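Protein chains: 8
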Amino acid sequence: MDIKQILENYKNGLINIEESEKLLSRPPLEDIGYACIDHNRELRTGNSEIIYGEGKNAQQILGIIKKMIEKGAKNILASRCNDEKFQVIKQVYSNAKYYSASRTITIINEEIEKIKEKLLIISAGTSDIPIAEEAQITANFLGLNVETLNDVGVAGIHRLLSKIDIIQNASCIIVIAGMEGALPSVVGGLVDVPVIAVPTSVGYGSSFGGLSALLGMLNSCASGLAVVNIDNGFGAAYLAKRILKRK
Amino acid sequence: MDIKQILENYKNGLINIEESEKLLSRPPLEDIGYACIDHNRELRTGNSEIIYGEGKNAQQILGIIKKMIEKGAKNILASRCNDEKFQVIKQVYSNAKYYSASRTITIINEEIEKIKEKLLIISAGTSDIPIAEEAQITANFLGLNVETLNDVGVAGIHRLLSKIDIIQNASCIIVIAGMEGALPSVVGGLVDVPVIAVPTSVGYGSSFGGLSALLGMLNSCASGLAVVNIDNGFGAAYLAKRILKRK
Amino acid sequence: MDIKQILENYKNGLINIEESEKLLSRPPLEDIGYACIDHNRELRTGNSEIIYGEGKNAQQILGIIKKMIEKGAKNILASRCNDEKFQVIKQVYSNAKYYSASRTITIINEEIEKIKEKLLIISAGTSDIPIAEEAQITANFLGLNVETLNDVGVAGIHRLLSKIDIIQNASCIIVIAGMEGALPSVVGGLVDVPVIAVPTSVGYGSSFGGLSALLGMLNSCASGLAVVNIDNGFGAAYLAKRILKRK
Amino acid sequence: MDIKQILENYKNGLINIEESEKLLSRPPLEDIGYACIDHNRELRTGNSEIIYGEGKNAQQILGIIKKMIEKGAKNILASRCNDEKFQVIKQVYSNAKYYSASRTITIINEEIEKIKEKLLIISAGTSDIPIAEEAQITANFLGLNVETLNDVGVAGIHRLLSKIDIIQNASCIIVIAGMEGALPSVVGGLVDVPVIAVPTSVGYGSSFGGLSALLGMLNSCASGLAVVNIDNGFGAAYLAKRILKRK
Amino acid sequence: MDIKQILENYKNGLINIEESEKLLSRPPLEDIGYACIDHNRELRTGNSEIIYGEGKNAQQILGIIKKMIEKGAKNILASRCNDEKFQVIKQVYSNAKYYSASRTITIINEEIEKIKEKLLIISAGTSDIPIAEEAQITANFLGLNVETLNDVGVAGIHRLLSKIDIIQNASCIIVIAGMEGALPSVVGGLVDVPVIAVPTSVGYGSSFGGLSALLGMLNSCASGLAVVNIDNGFGAAYLAKRILKRK
Amino acid sequence: MDIKQILENYKNGLINIEESEKLLSRPPLEDIGYACIDHNRELRTGNSEIIYGEGKNAQQILGIIKKMIEKGAKNILASRCNDEKFQVIKQVYSNAKYYSASRTITIINEEIEKIKEKLLIISAGTSDIPIAEEAQITANFLGLNVETLNDVGVAGIHRLLSKIDIIQNASCIIVIAGMEGALPSVVGGLVDVPVIAVPTSVGYGSSFGGLSALLGMLNSCASGLAVVNIDNGFGAAYLAKRILKRK
Amino acid sequence: MDIKQILENYKNGLINIEESEKLLSRPPLEDIGYACIDHNRELRTGNSEIIYGEGKNAQQILGIIKKMIEKGAKNILASRCNDEKFQVIKQVYSNAKYYSASRTITIINEEIEKIKEKLLIISAGTSDIPIAEEAQITANFLGLNVETLNDVGVAGIHRLLSKIDIIQNASCIIVIAGMEGALPSVVGGLVDVPVIAVPTSVGYGSSFGGLSALLGMLNSCASGLAVVNIDNGFGAAYLAKRILKRK
Amino acid sequence: MDIKQILENYKNGLINIEESEKLLSRPPLEDIGYACIDHNRELRTGNSEIIYGEGKNAQQILGIIKKMIEKGAKNILASRCNDEKFQVIKQVYSNAKYYSASRTITIINEEIEKIKEKLLIISAGTSDIPIAEEAQITANFLGLNVETLNDVGVAGIHRLLSKIDIIQNASCIIVIAGMEGALPSVVGGLVDVPVIAVPTSVGYGSSFGGLSALLGMLNSCASGLAVVNIDNGFGAAYLAKRILKRK
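Protein chains in written order, with my numbering: chain W, 1 to 247; chain P, 1 to 247; chain A, 1 to 247; chain S, 1 to 247; chain U, 1 to 247; chain D, 1 to 247; chain Z, 1 to 247; chain L, 1 to 247.
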């Protein structure tokens, strides 16, 4: 309903002045900050809500969850929490589940409908798994159809290549790597679908907390990689949702 | 044709040993480096080829174009060239065209088929136009259906909002901005489709050659932005192609 | 009273040599270092004194407080302390109060007179609240008339816009944000009054301890933002005092 | 006129639907981007308009000036231009004036009214004068009452101190310095009014293009300095306007 | 066996289609990623395997060791572990040995054959010894013939010079130093053999975690130093193996 | 005694072959590394020895002390230790003394003779005192005549100026400051003697671990400051010794 | 001949005092600085001398060449020169040859003997060729047996793989790449011989003058890469000489 | 004469009110800024004045010289000028002399008295000579007794060692080096006098404009080096003056 329509409806008495004012004052930018803080409205798919747990204490998170559920949310995802916060939430919501590697909490009361297209999440090494888990749980929560290749680093590039069918069947691929961050370039050369590169802070010395992987991915010779922030598994999954569910 | 098929065909005499060997030695990673150097094979859409002109002299570029056209290429795009290089190429290919802002050369001998879905390219200010032009010409070359909002900075955010229909009709949006690089966050809050953020080196002082815009975009509170290298209009367009033509 | 006057008064016996010497030796730069160390003289408003607690132990802080109160100070603010230091101070000054988020201690023995003009403190998210609290308590202590919008991040930009009256009634606004630090630009576009931007170290990965927010604010396209150091809520409040109480 | 009023006026036939729609679609954020691009609307004081000349060619600048003057602008300021661009503009607007140190162009057709309160602009050395000039011309253009101490570096701190009356009579002070950027701390200790610190790129070696001065100012022990971007004389003047003309 | 041979053997019935396919699908890049994760295949010398322990928990490391030993590995080296992880492994493999300075675990079931050529490992100071130990144990494990000069810093450069025979008898030298990292330059000037420079994170203040040593070594005026990552004793030893066992 | 003399003396039987060899093998560079490791020979003044404690465990330090005392050292200074290490040393050397702020241990068995010229150590604030203490104890140990102004920050610049006699009587001044590091510039302007600037890691946010103070001091407009590493009180004292005891 | 021997020989009249003195004064460190300046003594192979041309004017270079040739040098290599300097040298030495891509000058009067072992130089792209040329000419000059794969980037990784025989026959490989610098990792996975990684300043935006490639190579997951300075083709060749000619 | 004395003298009629006022208004900080701008008062030795030429045009420099000479200056040094500026000055002051390497101008009308103690200036390589020249001319101008070893890099470290007498006879040593900046450590180990380390911007790639040399010198293992800004030959000479002429 655009401004003209609202005005017409108002003049015609279909809506009263309070309703008109409310509709007109709904800013077009509503989602921006909201997602920034608790990611819930922008991220809303069906009745799912997302909370960014970092820098919020257990009571604050609990409070937000309560309010959301009051307002009709069925499913909740809280990222970047910890076990201590989880224990508090668990006492109130007994079906809450905690993924310790990625420090993610979910409360699922309603089955999440999945799309058909596949999102493949590839991580380079064991140390990158926490970020891969964050991406995976977020993507599942957002209704994506996720497949993972967590051991591609352990198995060697021949394992990657031996999984070439899986890779070439994916509609979008998230590639997670630390150190030099070269894996997205390799994957980017194997497929034509969007490749989302996630640099991780895995490494030491001159990796400077993920800077080496980040710069490597931004300067990749494979054209058209999408890069997100260091360790940002959540953002990668959300970008995948934008790509795969953009209708 | 997978390995098993090749082997069968070979045993059955459908292909000889030389052909089999050639097929088997075609590495699965072929595209990686190629795209890195001249972007041509990976980028090949129909009969189109792309050359990265930076660090190649006019004769080298001309030589590559000749070889490509010999091999059947109809359309050529050479990015990051300059007027001097263009003059050399123009003498041989009279239908070559030069876009001075983005320093891009195209030779078009065959109409490029466009997809239906719209790619919107938004740039923040006049100084960002060269990068926007690089994205636009590349996207057109890759068969994307491009619309642009180059003056969104000049017109103010109300112009952006007054074009809300255009924005919300796009299937993918490239947002180009220098300085603090906040525009992608604003656009990312208005739409659910993929938003590709291109930081530019526009700015001075503590913008440190685009670092401020790059960090701003990587740390955006709008979830799920895809970030590319500073001033990388080409990469943004190529990522858009991966997203919009990923069948 | 300038040098000439002092000399005349001295010669005429209106002041004696000790008084003259004292007047003449009052260095024009007295405040600089003092504020740097314990912020007390420069910050003196009525009988209020300020101590920078970081890097001072409980006994040192207690010693300074005692000396200040001996010299007539009624009210004391000690920033960047911790609970342990507070317990020591509490034992001597039972009316001491501790604000745990910002780690600030106050001792108030005399009501602080407030000015009429409003200072609005806006913070982007829950994680930025400690810095907002430091700004708020400091500003109150300095006699400013503070209003806060701490949940503007949680409520979304529509809440910001729905509070447009509050925002446009303020005489000065402190905007506190981490990550990309874009909020000050948005607020800076809504008002003509001074906007003080405080980058925070909230974020991860390429936020590099607040660098991304700092650079974003320094390179803001909104003209005329005043930027202070990362996490410097105190400095922002003090700058607000300079602006609002500059008679 | 707020939304409710517009609605009432519309219902009462005082304004028609087109007018209502136009009024309602005027976004509250209009100024943000506008200032970012050409700084003109946000900066509008009376009939004055400002253009950011960097990255715009002479024809673009001329085109913008024409449009602005058509729309009623009397006075124009274009920052960060060069002599070549000026020559083009001069041919059309013969009363255009060029300030070569700061590369600023002005066209003044209507006297600018000045406020009473004084803005003092202090620069540390000869090399900082271009930035001081940018600040001065911008401030004059914005209707501020500017006094300058350009030779405070040459004359030594005793000249600064000998001008203590001028300094202490100012309502706001812009201090411009490169190298270590310590001057704002000294000035900040002498006065209680707002001090705006402008780091410059003057220096060599480890000054890293103004980084040393920027960090020095951000970490100043003088409480409550307002810092702007390196070499940003324009922004400092605009911030001064926000402070001094905020009613 | 190259592709042609495999094809011939297949056609001639010497190998069946499954065997042929397996041989042909063994990617030429197999080692790359593998070494990246657990360094085992690439590093395999005889029956020795190497595991990179950082970011793997005790159970994961134990699992990998078990699998390796099942597959025939006799000797195991696990780098970047800790005592806790060692205790878990010790319970299963009682002959496991722990080197606490470098946090390295070895399990040796088969004597490692040594080459004749000498690798000399020189460290500048006591604080550099953990890195030197990592290099030494790795080199021993890889079959190199290691001699060490750990006290060259303590003894002064005259001790270095008094050991000139040892130094000039080495076939390859690893030089480990923090702070300014100048030692490799000195050694590089004394010999004609390869000198591998390992910067360490030893230092404080502007050593920035080893950056000063790293930059010093990269910019050394001694021609032809080989530099590895900060604190990368393992990599230095492995590079020595490439140099000394490259036949 | 140069080489020719040694040869002559040897031939003439004034010295025997062992003595000749020893004299000839005394490397000209002996001090370099030695000071780097344990600072003892280079630093030797009378019978005093210095050990750099960082990265050495209690037993190593104890071992070095024992060896030094065996070789005739009367006095020992061990810098950058901790209380735990001190307890171990105390058990063997009951007259060992521990300075907890600077984490320095001394064992004094022989009175240290002082020079006449004064070294003044000025620190800006309470938080800089540990570095000032390290400088003071080192300087005392090296036989310098130290005076301190530790509270110059607390007392304000007027206290600095009120101590102008002390300042202008000093033969060398060490100035220790964090944050913006401007104090050495002020002191450098008051005196003609050498001023040694020690940046400290005191500060937060964009002080980046002392980088702001370091850059400020390196770019100081006061000509001829000597800068040392961040938090390097030891180095400053040693430089003072080179200046004051260079005969 | 050690000191004792020299002394004995001298006493026994086998050598006279001048000879003895000369032998004894031959400093063990002679090569260090020398190589740093003009690389000639350290680099001396047969009668070849090397001059580092950067920062030396044509007359200085000419003077050094003359002195070298006077002292018996047959062959000269001057790196980092330019055409102007070459013209000056050419007038005196007509057989001087100039390689414009790498800005290298050679004067060859005596055939350089080559070793058998092969050094392979691989460069990623056209823009890296100047650095590859510097490496190649230097290596040839030093008597190495060089083969090059300059077009491996253009030809794609399949060309690299199709040249697998060449690659696996090399005794040492220099890999030159800019941007993300991933090529050395790929090559490092294909061979067991030493791989020398040369980052180049090729790239733009966040490549920060070669920093991205440098960090990528230092953090490579391929174990045991030798890294040299950005654009340091000379150093890579010299390191190859140390590896391949280490008698 | 302190304040009390001035007051007494004034009251007793020994000085009049104007003289008293003048004496009392002479700020204690006078030198700070003055040296910062034109270095003249602080630098004043006898009748010599110094001008920092960077960022001042020829007319400005000429104007300053004129004023200085009017006020009695006999000798003038202007640093960081260029040939063009020199030509302007030469026309007025025909005895002006230009040193092109360091871009320094001197006008000498009165012989400069030299002290006895020697200042030795050592530079590592040809490219460092401009900075060495700046140090040398400045030091001569300030009345120091300068000796130089400019070719110590060219000649190799044995030349340094062969000049050990010169080195050990110096009372203060300035060591100038780029790249890794290790030379000051070597010299610092050979002498007990003050060593002033000047990093230069000589180098390429990861030398990052002198950062590598600067960090190397700040982190030197040779205790007690005095470091100045990159390329700051002037500052090094001025520091030497403070050390050698500190009455």
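What the hints contain is simulated information worked out from the structure, not anything from laboratory work.
Computed from a predicted structure; not experimentally measured.
Even glycine gets a Cβ: it sits at the ideal position worked out from N, Cα and C.
Warning: the hint list may mix true and false statements.
What the hints assert, rightly or not - Covered by chain Z, per the in silico footprint, the following chain L stretches (three or more residues, Cβ under 8 Å): (1) 73 to 85; (2) 195 to 206.
Unchecked claim - To be clear about the criterion: a stretch of chain Z counts as covered by chain P if any three or more of its residues have a C-beta under 8 Å from a C-beta of chain P, and this derived list gives those stretches: (3) 108 to 121; (4) 193 to 206.
For this session: Count residues of the region 73 to 85 of chain L with a Cβ under 8 Å from any Cβ of chain Z, then say if the count reaches three.
Result: Since 0 is below three, the answer is violated.
For this session: Given that the region 108 to 121 of chain Z was listed as covered by chain P, double-check it with a C-beta distance under 8 Å for 3 or more residues.
Result: Three-residue rule not met by the region 108 to 121 of chain Z, so violated; n is 0.
Problem set entry | Residues of the region 193 to 206 of chain Z with Cβ under 8 Å from chain P, three needed, outcome | holds (count 4)
Problem set entry | Per-stretch coverage check for the region 195 to 206 of chain L, three Cβ contacts closer than 8 Å to chain Z | With 4 residues in contact (Cβ-Cβ under 8 Å with chain Z), the coverage given for the region 195 to 206 of chain L holds.
The structure fails to meet hints 1, 3 from the earlier list, while all remaining hints are met.
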